[in-house]
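Quick note on numbering: full-length UniProt numbering labels position 123 of the sequence shown as 123, and the sequence is numbered without any gaps.
None of these hints come from the bench; they were simulated from the model. Just so you know, not all the hints are guaranteed correct.
Stated by the list, open to error - Derived pair list, reagent style EDC-like, types lysine to aspartate or glutamate, alpha-carbon separation capped at 20 Å:
#, residue 1, residue 2
1, Lys-370, Asp-190
2, Lys-316, Asp-241
3, Lys-199, Asp-175
4, Lys-31, Glu-76
5, Lys-268, Asp-177
6, Lys-370, Asp-210
7, Lys-31, Asp-190
8, Lys-31, Glu-155
9, Lys-370, Glu-20
10, Lys-365, Asp-241
11, Lys-259, Asp-279
12, Lys-199, Glu-176
13, Lys-316, Glu-155
14, Lys-268, Asp-279
15, Lys-199, Asp-184
16, Lys-365, Glu-378
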Amino acid sequence: MLRWQTAGESHGEALVAMMEGLPAGVQVTTKDISEALARRRLGYGRGARMKFEQDQVRLLTGVRHGSTLGSPISIEIGNTEWPKWTEVMSADPLDHELPQTGRNAPLSRPRPGHADLTGMRKYGFTDARPILERSSARETASRVALGAVASNFLEQCLGIRTVAHVISIGGVGIDEDTPLPLPDDVAALDQSPVRTLDKDAEHRMMERIDEAKNAADTLGGVIEVIAYGVPAGLGTYVESDRRLDAALASALMGIQAIKGVEIGDGFKEADRPGSLAHDEIVVNDDGRISRLSNRAGGIEGGMSNGEPIRVRAAMKPIPSIPKALRTVDVLTGEPAQAINQRSDNTAVPAASVVAEAMVRLTLAKFVLEKFGGDNIAETRRNAQAYLASWPEHLR
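Please construct the entire structure, taking both the sequences and the accompanying hints into account.
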């Protein structure tokens with residue numbers, strides 16, 4: 001069983017990502033992880049932090065000479081800004097009082113839309129600092145690092161490849177007829193400031209972001225992840241918690257600021273009659289079973305059906321807004337303006353990279369649940385045997 005966990009605070013010394021259950025023999029390097037993290041920092045509308053934030057990656061355990069060992073993998077992502085925060089974020093008690101100013105000023109004005117107020121209530125803090133440090137989207141760097149490892153496993157084992165792109169930002173979207181991006185389009189998407197292949201939409205999205213920046217506001221949007229080469233049969237209808245679509249939805253909803261998820265055509269399906277909602281099954285000229293469409297997004301009955309898996313996620317605008325919203329100072333009980341931490345005008349392009357990582361991790365987990373294996377060659381053999389076992393008339 002593949003398991004993963006992350007630890008660390010936004011301005012702490014480092015983030016830590018841990019993975020257990022990956023087979024031995026997966027080829028992965030520090031460079032692979034660093035390149036994935038660099039993609040997360042891209043995107044038009046990102047804040048000043050992205051200009052100086054560098055992810056110092058160290059593969060601590062579970063990998064030797066570029067190959068996984070089958071033992072737990074741990075990855076450290078160092079914080080280059082740590083020297084500025086050593087006292088404010090010190091794990092040990094200090095032998096002197098810190099001035100209640102600057103970085104150590106109490107954050108008693110919780111931000112609407114953030115975890116601040118509810119977190120303070122739940123964990124008993126009068127300062128939002130302990131809450132925002134962990135709830136910050138900085139944590140997603142850990143998941144992107146793990147997603148890079150999962151990506152290598154999926155491609156090396158089964159040839160599964162993923163691609164993520166932006167559908168819309170601030171209500172400005174790509175043309176509905178825009179072809180789905182393919183894995184070979186990843187380099188072109190990385191070159192796009194808003195991660196889209198639709199150049200007209202790219203220009204309009206950037207204009208919309210500029211408008212929001214000038215208005216001291218933030219924007220949300222919609223992202224899409226497509227996985228190619230996924231074999232039929234991952235997941236099951238037998239129990240609800242083992243459905244692949246349920247796991248993907250949970251993984252995407254666990255990303256900061258994601259407020260909605262759809263599989264395939266999702267909510268559009270609710271408006272269609274059944275005769276136009278489902279993917280008809282036909283036999284190709286080569287005698288193989290195929291579909292006339294992919295409205296289901298590659299998943300039926302909780303199982304992958306062999307078509308590309310397609311999932312979308314809706315991201316709300318970042319709640320750290322330059323023109324601060326109304327709140328209450330919890331120390332005085334008086335009306336106040338919310339604290340405004342350094343943030344982006346939009347992080348939708350970056351969120352697509354995070355979403356892609358979560359899809360990769362989820363698929364890797366389901367591949368291993370289906371095929372097992374202590375080393376990648378064994379997992380590959382098991383998968384090949386499964387596919388070869390299908391009766392000829394079901395292929």
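Pair hint outcome, Lys-259 versus Asp-279 [Cα-Cα no greater than 20 Å]: The given pair, whose Cα atoms are some 27 Å apart, is violated under the 20 Å limit.
Holds or violated: Lys-199 to Asp-175, with C-alpha atoms at most 20 Å apart: holds (10 Å)
Given hint Asp-241 paired with Lys-316 - CA-CA distance at most 20 Å: violated (27 Å)
Distance restraint between Lys-199 and Glu-176, which requires alpha-carbon spacing of 20 Å or less: Within the cut-off at roughly 14 Å; holds.
Proposed proximity, Asp-210 with Lys-370 (alpha carbon, max 20 Å): violated (47 Å)
Pairwise hint evaluation, Glu-155 against Lys-316, where the allowed Cα distance is 20 Å at most: violated (32 Å)
Given pair status - Glu-76, Lys-31, alpha carbons within 20 Å: holds (13 Å)
Hinted pair Lys-31 and Asp-190, Cα distance within 20 Å: Roughly 17 Å between the alpha carbons, so the hint for Lys-31 and Asp-190 holds.
Given pair status - Asp-190, Lys-370, alpha carbons within 20 Å: violated (32 Å)
20 Å limit on alpha-carbon distance, applied to hinted pair Lys-199 and Asp-184: Distance of about 17 Å is within 20 Å: holds.
Agreement of Lys-365 and Glu-378 with the hint, judged by alpha carbon distance not exceeding 20 Å: At roughly 16 Å apart (the allowed maximum being 20 Å), Glu-378 and Lys-365 satisfy the hint.
20 Å limit on alpha-carbon distance, applied to hinted pair Lys-370 and Glu-20: holds (17 Å)
Violation of the numbered hints given earlier is confined to hints 1, 2, 6, 11, 13; the remaining hints are satisfied by the structure.
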